[in-house]
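Single-letter residue listing:
Protein chains: 6
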Amino acid sequence: MAISARNQLTGRIKEVKLGTVMAHIVVQVGDNEIESVITRRSAEEMNLKTGDTVTAVIKSTEVMIQK
Amino acid sequence: MAISARNQLTGRIKEVKLGTVMAHIVVQVGDNEIESVITRRSAEEMNLKTGDTVTAVIKSTEVMIQK
Amino acid sequence: MAISARNQLTGRIKEVKLGTVMAHIVVQVGDNEIESVITRRSAEEMNLKTGDTVTAVIKSTEVMIQK
Amino acid sequence: MAISARNQLTGRIKEVKLGTVMAHIVVQVGDNEIESVITRRSAEEMNLKTGDTVTAVIKSTEVMIQK
Amino acid sequence: MAISARNQLTGRIKEVKLGTVMAHIVVQVGDNEIESVITRRSAEEMNLKTGDTVTAVIKSTEVMIQK
Amino acid sequence: MAISARNQLTGRIKEVKLGTVMAHIVVQVGDNEIESVITRRSAEEMNLKTGDTVTAVIKSTEVMIQK
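Chains as they are written, first to last, in the numbering used here: chain A, 1 to 67; chain B, 68 to 134; chain C, 135 to 201; chain D, 202 to 268; chain E, 269 to 335; chain F, 336 to 402.
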């Protein structure tokens with residue numbers, strides 16, 4: 001299955017921090033760190049943990065350009 | 068000045084495609100292509116063109132995780 | 135593979151309208167119509183057309199509540 | 202009053218979970234569950250509780266398509 | 269009816285520009301201009317035109333802070 | 336440096352509330368309050384506090400219109 005979101009960056013989870021409702025995930029992608037905030041429920045249901053190989057998915061309408 | 072958006076990926080513009088209202092920008096960041104959709108007005112006012120060094124900026128709440 | 139986005143609504147495409155940069159997709163999900171705007175490129179690469187069975191995917195941070 | 206957001210799904214609140222800053226709301230809409238993350242303040246000011254009839258509102262630019 | 273989106277800025281439409289799929293709306297709110305991109309369909313169905321009094325609605329998770 | 340986000344509203348921070356993962360920031364902009372939810376990490380790294388002059392930055396695709 002394909003998803004329309006055009007940005008899909010694969011890397012390894014470097015850190016998972018759980019709050020009551022949200023979770024902060026840091027993914028190492030090449031030389032960059034990608035940071036994601038998702039629900040704690042998704043983090044738990046997907047059993048996200050340091051070292052997992054994951055893909056950060058970002059819809060192109062959410063990407064701004066700075067110059 | 069700093070912005071709260073935690074994802075800031077620097078690269079070079081590979082393609083600019085203008086529509087009537089929107090513009091599609093492709094940025095080469097290391098081995099990855101980052102795609103962005105912004106207003107045509109911003110693309111024109113910032114004079115975005117192939118070869119420009121730019122930074123793609125993404126709020127962490129917009130990043131999903133796939134595993 | 136699982137994605138962290140908690141809203142995944144499966145239905146059939148009722149309409150695809152292409153612009154220069156964007157595409158407007160209408161999906162019938164049960165009694166509701168779900169409308170999506172994605173890039174024209176994704177619509178073309180995924181060959182989206184009327185009658186296709188697809189899943190609308192929405193991150194929970196993008197959902198507001200009205201009462 | 203009308204709002205430009207094209208997705209408006211009416212259902213009943215099935216669960217409200219409050220964090221310090223955010224709140225996680227689950228709404229039953231026909232056969233689907235819609236999950237929303239809003240501020241705790243909005244959840245409290247609107248007095249959202251299980252059983253309330255509410256409408257989930259989603260801007261079409263936030264909806265991805267998976268096929 | 270109340271909506272959970274915490275930012276609601278009332279002003280007058282200064283400009284409407286229609287594309288094939290999207291529409292660019294400029295709203296004068298006090299001393300600031302607020303710019304919005306919505307679907308052309310919503311702009312047409314709501315009959316948005318210069319001079320209309322409207323409210324720009326923004327979910328707080330979409331607002332970044334620069335300092 | 337310029338950013339493509341077309342909405343940039345300058346004001347003073349009126350309140351900062353920290354959760355475990357997220358932070359809720361209220362900014363007084365003229366007669367309006369703008370509310371933002373960012374990561375706690377950004378709030379701490381930027382040392383955001385009441386009285387700071389900041390700019391709320393919003394991508395135009397995130398702005399809805401109500402009429």
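Among the hints, a few may not be true.
Said to hold, decoys possible - Heads up, simulated DSS-like pairs for lysine-lysine below, C-alpha to C-alpha not over 30 Å straight-line:
{"no.": "1", "chain 1": "A", "residue 1": "Lys14", "chain 2": "E", "residue 2": "Lys335"}
{"no.": "2", "chain 1": "B", "residue 1": "Lys81", "chain 2": "C", "residue 2": "Lys148"}
{"no.": "3", "chain 1": "E", "residue 1": "Lys285", "chain 2": "F", "residue 2": "Lys352"}
{"no.": "4", "chain 1": "F", "residue 1": "Lys349", "chain 2": "D", "residue 2": "Lys250"}
{"no.": "5", "chain 1": "D", "residue 1": "Lys215", "chain 2": "C", "residue 2": "Lys201"}
{"no.": "6", "chain 1": "D", "residue 1": "Lys218", "chain 2": "F", "residue 2": "Lys384"}
{"no.": "7", "chain 1": "C", "residue 1": "Lys151", "chain 2": "D", "residue 2": "Lys268"}
{"no.": "8", "chain 1": "E", "residue 1": "Lys282", "chain 2": "B", "residue 2": "Lys81"}
{"no.": "9", "chain 1": "F", "residue 1": "Lys349", "chain 2": "D", "residue 2": "Lys218"}
{"no.": "10", "chain 1": "D", "residue 1": "Lys250", "chain 2": "F", "residue 2": "Lys402"}
{"no.": "11", "chain 1": "D", "residue 1": "Lys218", "chain 2": "B", "residue 2": "Lys116"}
{"no.": "12", "chain 1": "B", "residue 1": "Lys84", "chain 2": "C", "residue 2": "Lys201"}
The set of hints was computed from the structure by calculation and includes no laboratory data.
Outcome of the hint check:
no.	hint	in the structure
1	Lys14(A) x Lys335(E)	27 Å, holds
2	Lys81(B) x Lys148(C)	34 Å, violated
3	Lys285(E) x Lys352(F)	39 Å, violated
4	Lys349(F) x Lys250(D)	29 Å, holds
5	Lys215(D) x Lys201(C)	14 Å, holds
6	Lys218(D) x Lys384(F)	28 Å, holds
7	Lys151(C) x Lys268(D)	17 Å, holds
8	Lys282(E) x Lys81(B)	34 Å, violated
9	Lys349(F) x Lys218(D)	27 Å, holds
10	Lys250(D) x Lys402(F)	28 Å, holds
11	Lys218(D) x Lys116(B)	47 Å, violated
12	Lys84(B) x Lys201(C)	41 Å, violated
The structure does not agree with the numbered hints 2, 3, 8, 11 and 12 stated previously, though it agrees with the rest.
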